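So the protein sequences, as listed, match chains A and B. For the first sequence, the numbering used here assigns the number 1 to the initial residue and increments by one for each residue that follows. For the second sequence, the numbering used here assigns the number 1 to the initial residue and increments by one for each residue that follows.
Restraint-style ranges between C-beta atoms, simulated for each label pair: (1) B:H237 - A:K215: 48 to 58 Å; (2) A:N375 - B:P154: 53 to 63 Å; (3) A:E242 - B:T136: 20 to 30 Å; (4) A:L203 - B:E45: 22 to 32 Å.
Keep in mind that the hints were calculated from the coordinates and are not lab data. Since the model is a prediction, treat every value here as computed from it, not as a measurement. All C-beta atoms, glycine included, are put in the ideal place defined by N, C-alpha and C.
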Amino acid sequence: MKADPKGVLTGEHYLDGDYACAEGAMAAGCRFVAGYPITPSTEVVERMALRFPFMGGVFIQMEDEMASMNAILGGAWGGKKTMTVTSGPGFSLMMENLGLGVMMEVPCVLVNVQRGGPSTGLPTMVGQADMMQARWGSHGDYEIIALSPASPQEAFEYTIEAFNLSETYRVPVLLMMDECVGHMTEKVVIPTADKIDLVPRKLTKLPPEKYLPYKTDSSMVPEMIVAGEGYKIHTTGLTHDERGYPVMTPECQEKLVRRLVDKIRKNAEKIIHIEETQIQGADVVVMAYGITSRVAQPAIDRARKEGMKVGQIKLITVWPFPEKRVAELSKKIKAWVVPEINYGQVSLEVERCAGGKARTILVPHGGGWVHDPDNIYKAIKEAVK
Amino acid sequence: MEQIVHEEHPMESYLRMDRIPHIWCPTCGIGTTVSCFISALKKYEQRSLEKVAIVSGIGCTGRVAGYVKLDSFHTTHGRAIPFATGLKLANPDLKVIVFSGDGDLISIGGNHFIHAARRNMDITVICINNFIYAMTGGQVAPTTPLTALASTSPHGNFEQPFSLPQLAASCGAVYVARWTALHIRRMTNAFLEALNKRGFSFVEIITPCSTLYGRRNRLGTGLDLMKFYYDNSEIQHGADIRSLDIEFQKKIIIGKFIDRERPTFIDSMNTHLKGKYGDKYEWYGEKIPEVPVKAAG
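Please work from the sequences and hints to get the whole structure.
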């Protein structure tokens with residue numbers, strides 16, 4: 001399916017990451033956005049509020065983030081592609097109904113332009129410390145998909161990818177931006193609508209009397225409906241069977257939650273999107289995401305110039321985590337260097353997957369600014385020893 | 001041989017019979033209220049039932065969405081209104097109804113309630129007020145009358161409760177009514193009027209919770225309590241909304257308090273943007289032609 005030209009601002013633009021994310025969403029066919037103002041994410045919805053009236057979209061500024069998250073779930077059942085946008089404190093408030101989205105299997109996108117935390121933290125300054133919250137933030141057990149763009153161009157592209165993944169797997173997809181990417185302005189090339197591939201919603205073709213809302217085939221992803229088409233479905237946040245009816249038994253829990261987890265886990269290799277550079281023969285691999293993947297670049301270049309064998313992995317999808325690839329490479333390399341703007345989140349995953357085969361060196365940063373590339377360089381130098 | 005006759009229950013096609021029996025206690029007012037709601041749905045002509053959706057949150061009343069055969073959404077605690085808001089805005093052809101208990105709607109969902117009323121979101125909200133959190137074991141609610149006993153107000157409630165019709169009316173609801181669980185005919189009419197109304201319509205139903213509220217406060221059986229509310233209510237249509245407080249086991253003012261017109265959220269959006277941008281703006285909204293509204297009755 002190709003994009004609707006009405007939402008595609010074809011051309012070369014100078015946009016910040018927030019605006020580019022908004023353009024990506026509109027190009028992806030998003031036509032319902034509910035949001036609540038919070039720095040540094042608000043520009044995303046501001047742009048959509050401005051442009052939506054001319055493409056049949058509706059923006060509503062809700063009373064809080066719990067309402068915003070819920071409204072996009074309702075909107076998705078109403079047949080629209082939907083999105084909400086927030087940052088730290090709002091992300092925390094959205095966790096409740098992110099879980100509902102996982103349980104009801106609602107395709108939608110949640111953007112978090114990360115700032116420094118905890119609590120109110122550094123509202124206008126960068127952080128990357130919500131990565132584990134993205135993975136585990138809502139209660140209960142589930143799997144989620146999260147992407148991390150490193151530039152306005154990527155914000156545009158990966159917002160579209162986020163929508164496509166959410167439709168493919170019927171799961172809310174998180175776009176984990178950071179304040180630096182959100183607020184940096186760069187050239188963004190937006191192709192024509194016919195060059196943008198979209199995944200349409202997997203709607204059932206069965207008649208209402210034969211349709212069961214949570215019956216699945218081997219894809220583990222059930223077909224959806226649009227409210228108001230006569231299917232008269234029931235869906236709930238309670239543990240439910242194929243009919244969508246609550247069933248309070250361990251057996252039903254096992255069947256449902258196992259599938260919710262497996263539909264992501266067993267498709268992880270299809271979902272995972274990483275960029276590898278000079279991995280062949282590397283002694284050390286720097287793994288980074290978002291703005292930090294760019295800050296690491298001068299450190300990597302300098303180390304390479306000095307003869308160190310440094311490879312690079314940039315995570316586009318942070319969740320699901322590329323477990324297999326990390327385990328595989330750990331047998332060949334000496335160490336991982338993981339710079340991130342927190343005190344160790346994704347690095348814990350690297351360490352776990354490396355399983356003692358290669359060292360993991362975290363280069364932490366508390367937030368408020370990006371790393372000094374010197375610190376990343378020093379870590380690489382230490383790692384090659 | 002005697003022939004066994006299987007007559008269909010008159011509400012069977014409106015209920016998920018494969019989920020009956022329901023979980024509600026005997027003499028709970030929710031069953032009666034749902035019956036009246038279905039009676040109203042039978043008379044509702046603006047849209048086919050396919051275009052009617054129901055959303056509820058958590059609690060005893062939260063389970064209503066699970067028994068009614070409509071597109072039905074059982075959401076999180078307090079969040080039925082924002083979910084319904086998204087559903088309605090994404091799909092304006094739908095008539096969206098929220099069924100909620102008092103704790104769900106007014107405590108944890110209170111912020112959503114006041115803002116949906118302010119925006120005149122085109123949804124119908126039905127609140128079953130039993131003065132207590134019933135599902136979780138009878139805790140005090142923002143509707144519990146002063147001095148009433150609850151598991152978390154074991155010495156009697158000393159917090160001033162909300163008057164729900166006053167709250168709804170003050171925030172901009174276009175239709176506000178209150179009835180008790182035994183006002184079968186009037187409640188049904190109120191539901192039909194609310195469904196036919198464009199905008200935020202609100203009906204509060206005073207119902208007994210015999211298992212927790214009635215027992216703890218020694219008010220007799222659910223039926224005793226239902227009768228008490230019926231006998232001690234006084235119909236005052238158009239009553240001053242400031243006079244609608246409910247005191248413990250005292251007179252309850254019931255009736256239709258508000259019935260007015262205000263543009264809905266979508267109306268206002270369309271009018272404003274069309275006025276500002278003319279043909280550049282694509283009119284958003286209902287494809288279903290407006291059917292003249294029949295008088296309830």
